[in-house]
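*Asks:* 1 is the number of the first residue of the sequence shown in our numbering; add one for each residue after it.
I should point out that these hints are in silico values taken from the structure, not numbers from a laboratory.
Where hints are given, some of them may not hold.
Unchecked claim - As a list, the in silico SDA-like pairs of lysine to any residue whose alpha-carbon atoms are at most 20 Å apart:
| hint | residue 1 | residue 2 |
| --- | --- | --- |
| 1 | LYS185 | TYR17 |
| 2 | LYS82 | GLY26 |
| 3 | LYS56 | SER193 |
| 4 | LYS52 | ASN42 |
| 5 | LYS307 | LYS243 |
| 6 | LYS56 | ALA196 |
| 7 | LYS185 | ILE97 |
| 8 | LYS466 | ILE97 |
| 9 | LYS52 | ILE219 |
| 10 | LYS72 | ILE219 |
| 11 | LYS466 | GLY26 |
Said to hold, decoys possible - Cβ pair distances, simulated, as ranges:
| hint | residue 1 | residue 2 | range |
| --- | --- | --- | --- |
| 12 | TRP136 | LYS52 | 47 to 57 Å |
| 13 | VAL309 | TRP136 | 48 to 58 Å |
| 14 | GLU111 | GLU192 | 36 to 46 Å |
| 15 | ALA413 | THR366 | 50 to 60 Å |
| 16 | GLU192 | ALA413 | 24 to 34 Å |
| 17 | LYS307 | GLU209 | 39 to 49 Å |
| 18 | GLU316 | VAL34 | 50 to 60 Å |
For every residue, glycine included, the Cβ atom is placed at its ideal position computed from N, Cα and C.
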Amino acid sequence: MDAHVWMGSRQIVSKSYIERFSPYDGRLVSRSAVCSAEDAQNALRIAQDGVKLARKIPLHQRCSWLLDVASKLRDQREEFAKTLCDEVGKPITYARIEVDRCIETITLSAETVRTMHGETINTDAMASGRSAHAYWRREAVGVVVAITPFNFPLNLVAHKLAPALVAGNTVVLKPTPEAPLCAYKLAQLFIESSFATPDALSVVYGDAEVGAALVGSDIPRVISFTGSVGVGNIITRSAGIKKISLELGGNAATYIDTSADLEYAASRCAIGAFVNSGQVCISLQRIYVESSIYDSFAQKMAETTAKLVVGSPYDEATFLGPLINDEAAQRAMNWVESAIEEGARALTPPHREGRIFYPCVMADVTESMKIVCEEVFAPIVSLVRVDGIDDAIERMNNSPYGLQFSVFTNNLAHAKKVIDECEAGGVVINDMPTLRFDIQPYGGVKLSGVGREGPRFAIEEFTEIKSVVIL
Numbered sequence: 001m002d003a004h005v006w007m008g009s010r011q012i013v014s015k016s017y018i019e020r021f022s023p024y025d026g027r028l029v030s031r032s033a034v035c036s037a038e039d040a041q042n043a044l045r046i047a048q049d050g051v052k053l054a055r056k057i058p059l060h061q062r063c064s065w066l067l068d069v070a071s072k073l074r075d076q077r078e079e080f081a082k083t084l085c086d087e088v089g090k091p092i093t094y095a096r097i098e099v100d101r102c103i104e105t106i107t108l109s110a111e112t113v114r115t116m117h118g119e120t121i122n123t124d125a126m127a128s129g130r131s132a133h134a135y136w137r138r139e140a141v142g143v144v145v146a147i148t149p150f151n152f153p154l155n156l157v158a159h160k161l162a163p164a165l166v167a168g169n170t171v172v173l174k175p176t177p178e179a180p181l182c183a184y185k186l187a188q189l190f191i192e193s194s195f196a197t198p199d200a201l202s203v204v205y206g207d208a209e210v211g212a213a214l215v216g217s218d219i220p221r222v223i224s225f226t227g228s229v230g231v232g233n234i235i236t237r238s239a240g241i242k243k244i245s246l247e248l249g250g251n252a253a254t255y256i257d258t259s260a261d262l263e264y265a266a267s268r269c270a271i272g273a274f275v276n277s278g279q280v281c282i283s284l285q286r287i288y289v290e291s292s293i294y295d296s297f298a299q300k301m302a303e304t305t306a307k308l309v310v311g312s313p314y315d316e317a318t319f320l321g322p323l324i325n326d327e328a329a330q331r332a333m334n335w336v337e338s339a340i341e342e343g344a345r346a347l348t349p350p351h352r353e354g355r356i357f358y359p360c361v362m363a364d365v366t367e368s369m370k371i372v373c374e375e376v377f378a379p380i381v382s383l384v385r386v387d388g389i390d391d392a393i394e395r396m397n398n399s400p401y402g403l404q405f406s407v408f409t410n411n412l413a414h415a416k417k418v419i420d421e422c423e424a425g426g427v428v429i430n431d432m433p434t435l436r437f438d439i440q441p442y443g444g445v446k447l448s449g450v451g452r453e454g455p456r457f458a459i460e461e462f463t464e465i466k467s468v469v470i471l
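With these hints in hand, go ahead and build the complete structure from the sequences.
*Replies:* If you want it as structure tokens, here you go:
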């Protein structure tokens, strides 16, 4: 089990490595190379040298490149799903879903770029102008640094690599240390494709030292990061004059009004709160329920949650597996115990078995409690009583985050009010706020980030507009 890095098209075996153990059963599942700031700088120089060639590769070849990767990934679907299961403990059923989404993301990127274009400009539209041939077009930015997290270590890598590469850029990828093999294998498909642009992609591993070398360098034109607010702040302060795309944290919320189908709402909220063990940026964390239906909904939510299958990620029936590490599991228990001490009630008993933390529904939660104010990133959801839609929207907006919100209602006026007044990058009507279609623009406001993902919108992030005038 060697540990490799990709320095452009060259695969290098590292003499030193870090071992990765399964969060479920502790088995050795992968190794990642120990990289230094010098490695990061070498990767950036390779990317910089590769830019001129990357920009000359015709669009049809870049599209064929992505479609070739998608095809090979489809052929290796089960192998990649097993790797996800091994490295991050993702239940096998949902690991397959992530592989499928990754294939779609790559395919969409190839399909989308074919129809993205500039437009002509009427330069004589104003009295100060005059007749000319003028237009604008999009061009690759050059070098992109992509930094990705552990919770979706395949699809979120694809959301950066596919749009950046198909737009004609070169990329240095720093994937999460928790899933090095997932990123390595996906990068290998890109690098070894017969359609690949030489030296367009490098992969380096590491934490603060490597990240600082990548972000602080003058070589990259775009830094695309998905992760915590704390690291996002560091990147913003140290990046200098670059384009920055940050997809950060959230504490997604929904509102249940009296017109909602409570059975349906409870079933969807349970999935939204506990899928991927709550380790989702748009995991449902806050449920605001109108007072007159609060007790009824709380009971349905607790009953639905109790039916979820918890256990081995290798079991086809498992819905919820382990958290990423012991610290995450202990933190979840501490937060629940702290809320109970402050007066909250656990409608499903807080229970931990190693890194598995059983899904927990908390009632009688107040706005000052940590499990409402901060991002939990664990299978915990809080129920809060509200007096009506105005009260709910005010509380939902009373957060430093603004990634995605939702509402369950059959009242059109309520749906419109949530769309108009909620301060979030996305709003979902009659489903969980955890719903994301990869084709859509995705990103947040406030501390939830800047910029947007989704193939078309990421391509816009990874390109610059050039204006042309011909006289």
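*Asks:* Which hint numbers doesn't this structure obey?
*Replies:* 5, 8, 10, 11, 12, 14, 15, 16, 18
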